[in-house]
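S.K.: Model the full assembly from the supplied sequences, consistent with the hints where possible.
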Amino acid sequence: MKTLILRSGCILLVLAAITPAAAASDMNARFKAIYTREWNWRENQFADDEDGARGIQNRLPQVDPATQTARLVYWQSVIKQLAAIPVSALTPENQIDYEVYKPQIEALIADQKFRQYEMPANSDSTFWTDLDYTARENFKTTADYGNWIAQMRDVPRYFGEEIDEMRAGEKRGFTAPRATLEGRDASIATVVNAKPEDTVFYVPFKQMPASVPNQAQLRADAIAVIRDQVQPAYARLLKYWTGEYVPNARNTLAADDLPDGKAYYQSQIREYTTLDLTPEQIHRIGLDEVAALRAQMIDTMRKTGFDGDLPAFLHYLRTDPKFYAKTPQELLDDAAWICKTFDGKAARYFGHLPRSRFAIEPVPADMAPFYTSGRGGPGVYLLNTYDLPHRPLYDLTALTLHESAPGHAFQIPLAAENKALPEFRRHSYISAYGEGWALYCEWLGDEMGMYTTPYDEFGMLSYQIWRAARLVVDTGIHSQGWTRVQAIQYMKDNTALPDHEIETEVDRYISWPGQALSYYLGEMAIRAARQKAQTVLGPKFNIRAFHDAVLKLGSVPLPVLTAQMDKFIADGGKDPYPDEE
Numbered sequence: 014m015k016t017l018i019l020r021s022g023c024i025l026l027v028l029a030a031i032t033p034a035a036a037a038s039d040m041n042a043r044f045k046a047i048y049t050r051e052w053n054w055r056e057n058q059f060a061d062d063e064d065g066a067r068g069i070q071n072r073l074p075q076v077d078p079a080t081q082t083a084r085l086v087y088w089q090s091v092i093k094q095l096a097a098i099p100v101s102a103l104t105p106e107n108q109i110d111y112e113v114y115k116p117q118i119e120a121l122i123a124d125q126k127f128r129q130y131e132m133p134a135n136s137d138s139t140f141w142t143d144l145d146y147t148a149r150e151n152f153k154t155t156a157d158y159g160n161w162i163a164q165m166r167d168v169p170r171y172f173g174e175e176i177d178e179m180r181a182g183e184k185r186g187f188t189a190p191r192a193t194l195e196g197r198d199a200s201i202a203t204v205v206n207a208k209p210e211d212t213v214f215y216v217p218f219k220q221m222p223a224s225v226p227n228q229a230q231l232r233a234d235a236i237a238v239i240r241d242q243v244q245p246a247y248a249r250l251l252k253y254w255t256g257e258y259v260p261n262a263r264n265t266l267a268a269d270d271l272p273d274g275k276a277y278y279q280s281q282i283r284e285y286t287t288l289d290l291t292p293e294q295i296h297r298i299g300l301d302e303v304a305a306l307r308a309q310m311i312d313t314m315r316k317t318g319f320d321g322d323l324p325a326f327l328h329y330l331r332t333d334p335k336f337y338a339k340t341p342q343e344l345l346d347d348a349a350w351i352c353k354t355f356d357g358k359a360a361r362y363f364g365h366l367p368r369s370r371f372a373i374e375p376v377p378a379d380m381a382p383f384y385t386s387g388r389g390g391p392g393v394y395l396l397n398t399y400d401l402p403h404r405p406l407y408d409l410t411a412l413t414l415h416e417s418a419p420g421h422a423f424q425i426p427l428a429a430e431n432k433a434l435p436e437f438r439r440h441s442y443i444s445a446y447g448e449g450w451a452l453y454c455e456w457l458g459d460e461m462g463m464y465t466t467p468y469d470e471f472g473m474l475s476y477q478i479w480r481a482a483r484l485v486v487d488t489g490i491h492s493q494g495w496t497r498v499q500a501i502q503y504m505k506d507n508t509a510l511p512d513h514e515i516e517t518e519v520d521r522y523i524s525w526p527g528q529a530l531s532y533y534l535g536e537m538a539i540r541a542a543r544q545k546a547q548t549v550l551g552p553k554f555n556i557r558a559f560h561d562a563v564l565k566l567g568s569v570p571l572p573v574l575t576a577q578m579d580k581f582i583a584d585g586g587k588d589p590y591p592d593e594e
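Read in order, the letters of the sequence shown correspond to residues 14 to 594 in our numbering.
Hint data in this document are derived by calculation from the structure and do not stem from the laboratory. Being a predicted model, the structure only gives us computed values, none of them experimental. Glycine included, each C-beta is placed from N, C-alpha and C at the ideal position. Any given hint could be a false lead.
[What the hints assert, rightly or not] Keeping only pairs whose Cα atoms sit at most 25 Å apart, straight-line, the calculated DSS-like set for lysine-lysine is:
{"no.": "1", "residue 1": "Lys252", "residue 2": "Lys208"}
{"no.": "2", "residue 1": "Lys316", "residue 2": "Lys335"}
{"no.": "3", "residue 1": "Lys553", "residue 2": "Lys358"}
{"no.": "4", "residue 1": "Lys505", "residue 2": "Lys316"}
{"no.": "5", "residue 1": "Lys565", "residue 2": "Lys545"}
{"no.": "6", "residue 1": "Lys208", "residue 2": "Lys126"}
{"no.": "7", "residue 1": "Lys580", "residue 2": "Lys565"}
{"no.": "8", "residue 1": "Lys432", "residue 2": "Lys115"}
{"no.": "9", "residue 1": "Lys580", "residue 2": "Lys115"}
{"no.": "10", "residue 1": "Lys553", "residue 2": "Lys587"}
[Said to hold, decoys possible] Each pair of labels, with its calculated beta carbon distance range:
{"no.": "11", "residue 1": "Gln547", "residue 2": "Thr466", "range": "25 to 35 Å"}
{"no.": "12", "residue 1": "Arg315", "residue 2": "Glu210", "range": "51 to 61 Å"}
{"no.": "13", "residue 1": "Gln502", "residue 2": "Pro402", "range": "20 to 30 Å"}
{"no.": "14", "residue 1": "Pro324", "residue 2": "Thr154", "range": "55 to 65 Å"}
{"no.": "15", "residue 1": "Thr154", "residue 2": "Arg315", "range": "51 to 61 Å"}
M.R.: Written as structure tokens, this is what we have:
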């Protein structure tokens with residue numbers, strides 16, 4: 014017995030010595046296994062490829078009720094697994110991953126609980142126009158073309174499931190507001206009424222790489238699938254959209270008026286801003302920022318020599334032809350010049366540059382009437398050349414810095430190229446960070462000397478106040494009973510945006526609660542971090558190192574951004590890429 018006790022004591026001593034390190038290693042391995050398994054499952058579930066990393070898929074997502082229920086159950090199991098992992102046991106790097114990953118899962122669970130999937134179309138984004146982006150990707154191989162044909166064959170099944178979900182939303186009053194849906198059927202009708210080879214689905218087959226064999230057969234197969242599968246599915250969708258969905262869509266505007274609306278809106282705020290702010294707090298921030306920016310706009314207006322008040326100046330900007338391109342190509346050419354001007358300045362502000370490049374293309378004609386002025390991302394900066402009398406040149410520099418480099422077409426590829434990050438950070442997008450960074454880039458343009466006239470500078474300030482005004486308008490509509498007319502008038506009074514764009518934007522805020530809040534709140538966090546770094550570091554502050562440190566994080570919640578910038582400051586503002594000097 015004595016021998017047994019001594020042996021047991023020795024075992025306990027050994028266990029005591031090795032358990033903490035072994036347990037920590039086990040926790041890190043468990044965490045990695047959780048997010049790796051879930052991310053692979055998530056990618057397979059949605060079968061999408063927003064950043065082009067996985068190539069053309071051979072199917073579309075499952076969106077039927079059973080699948081939606083299974084997703085909720087799975088993500089709830091993931092959150093339980095995460096709760097069993099003590100964050101303090103993880104390495105510093107894994108702690109950051111945890112702080113990025115857990116809110117992702119929480120947001121996915123919230124969307125499933127509120128059945129967000131029952132509203133897959135609004136004034137800004139729809140499940141059918143999402144296919145347009147895939148059709149315009151870079152097709153390289155025979156497999157890409159074969160997969161695209163297979164994906165087109167899946168359109169009838171996919172559209173049928175989406176229509177079923179929309180009907181479920183109709184029954185409980187969970188639809189986009191009817192006031193924002195008029196005319197959105199045009200993008201459906203365009204596919205229905207065109208020849209197969211004139212639809213967006215045939216775009217990849219117009220110019221095929223010489224290395225792809227059997228091109229004639231692939232083209233013939235594509236035309237047959239578009240004619241026999243895709244166009245009939247679009248015809249059924251058009252009949253449903255115009256005959257049932259829009260007539261039965263809700264007449265109210267506010268998210269508060271949706272089922273469990275107050276909780277739903279708060280969850281959207283949390284998802285898009287990554288902050289625990291109330292609508293009332295955000296509304297007040299917006300009012301204060303609009304007032305401050307309005308004063309700056311008046312000062313800049315005076316620099317132009319204009320002798321009048323701000324409303325008169327805004328009218329002048331909206332109506333004088335000299336501020337507008339005369340042809341689509343002129344607008345595209347001006348944007349290209351702005352991009353190359355930035356290229357000449359980039360090395361002074363950024364140490365680590367992305368390998369990825371981007372094209373500048375016009376927004377497709379079927380999407381342009383209801384599309385934003387521009388949208389950027391990996392490989393492309395889409396510029397809206399529709400309705401040129403409402404596409405001012407004085408805000409083109411700010412728009413281009415936001416949507417191309419160093420904004421979206423810069424930040425998103427940098428995250429994807431950073432192989433030190435786990436997949437869920439390389440290929441996911443958090444709006445408060447991504448849109449906050451892009452808006453910061455507009456503001457940075459002043460420091461970089463990108464705004465060469467007072468009108469350009471005014472355009473930048475108008476874009477800043479536009480995003481600040483969103484804080485007021487979004488919360489006004491969704492929690493304070495604002496009307497569409499009231500929201501439009503507020504935007505007219507405080508921005509230099511053309512009337513058409515204001516109406517398009519307001520409809521977007523109405524249809525997409527909370528998303529518009531991410532921009533200005535994200536920029537405020539980045540600018541606050543920079544101001545703190547400059548104050549604390551003094552002459553040691555290096556703007557290239559600061560920007561590289563922000564971008565190296567990938568897309569993260571704002572609290573994580575703030576914490577990591579505090580660490581950057583505490584470490585002396587060191588260059589995160591010292592080997593590239």
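S.K.: Now, for every hint given, state plainly whether the structure supports it.
M.R.: Now the hints, each set against the structure:
1. Lys252 x Lys208: Holds, at roughly 19 Å.
2. Lys316 x Lys335: holds (18 Å)
3. Lys553 x Lys358: With a Cα-Cα distance of about 21 Å, the restraint between lysine 553 and lysine 358 holds, given a limit of 25 Å.
4. Lys505 x Lys316: The given pair, whose Cα atoms are some 22 Å apart, holds under the 25 Å limit.
5. Lys565 x Lys545: holds (19 Å)
6. Lys208 x Lys126: violated (41 Å)
7. Lys580 x Lys565: holds (14 Å)
8. Lys432 x Lys115: Measuring from Cα to Cα gives roughly 20 Å; hence the hint holds.
9. Lys580 x Lys115: Holds, because 21 Å separates the two Cα atoms, which is no more than 25 Å.
10. Lys553 x Lys587: holds (9 Å)
11. Gln547 x Thr466: 25 to 35 Å: holds (28 Å)
12. Arg315 x Glu210: 51 to 61 Å: holds (56 Å)
13. Gln502 x Pro402: 20 to 30 Å: holds (21 Å)
14. Pro324 x Thr154: 55 to 65 Å: Between proline 324 and threonine 154, where Cβ atoms are some 57 Å apart, the hint holds.
15. Thr154 x Arg315: 51 to 61 Å: Check passed, 58 Å falls within 51 to 61 Å.
Taken one by one, the earlier hints fail for this structure only at number 6.
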